[in-house]
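Engineer: Sequence:
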Amino acid sequence: TRATPRGVVRHKVVVGDSLTGIAAHYGVSPKAIMQTNNLKSTNVMLGQNLKIPAS
Numbered sequence: 001t002r003a004t005p006r007g008v009v010r011h012k013v014v015v016g017d018s019l020t021g022i023a024a025h026y027g028v029s030p031k032a033i034m035q036t037n038n039l040k041s042t043n044v045m046l047g048q049n050l051k052i053p054a055s
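Residue numbering for the sequence shown is 1 to 55, as defined by full-length UniProt numbering.
These are computed hints drawn from the structure, not numbers from a lab.
Treat the hints with caution; some may be incorrect.
Under the rule of at most 27 angstroms between Cα atoms (straight-line distance), these lysine-lysine pairs were calculated in the DSS-like manner [what the hints assert, rightly or not]:
id	residue 1	residue 2
1	Lys51	Lys40
2	Lys31	Lys51
3	Lys12	Lys51
4	Lys12	Lys31
5	Lys12	Lys40
Bear in mind that the values here come from a model prediction, so they are computed numbers and not experimental data.
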């Protein structure tokens, strides 16, 4: 996890991660993460880098 400009944080998906769990960790909704990353489903892939919007 590392901070980037504009209040966006990047999260690299690791074993055991789920979109719901990642969202809960950062205090944002799964839908907000989906919209920020243009995701069509709640499935995340190992090694995927997600942008987490500021809560």
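Engineer: Now, for every hint given, state plainly whether the structure supports it.
Structural biologist: To see whether the hints hold, each was checked on the structure:
1. At roughly 15 angstroms between alpha-carbon atoms, Lys51 and Lys40 fall within 27 angstroms of each other, so this suggested pair holds.
2. The suggested pairing of Lys31 with Lys51 holds, with an alpha-carbon distance near 12 angstroms, which does not exceed 27 angstroms.
3. Note on Lys12 and Lys51: the hinted pairing holds, with a Cα-Cα distance of about 9 angstroms set against a maximum of 27 angstroms.
4. At roughly 18 angstroms between alpha-carbon atoms, Lys12 and Lys31 fall within 27 angstroms of each other, so this suggested pair holds.
5. A C-alpha spacing of about 18 angstroms is found between Lys12 and Lys40, which places the hinted pair at or below 27 angstroms, so the restraint holds.
Every hint, counting from the list given before, is met by this structure.
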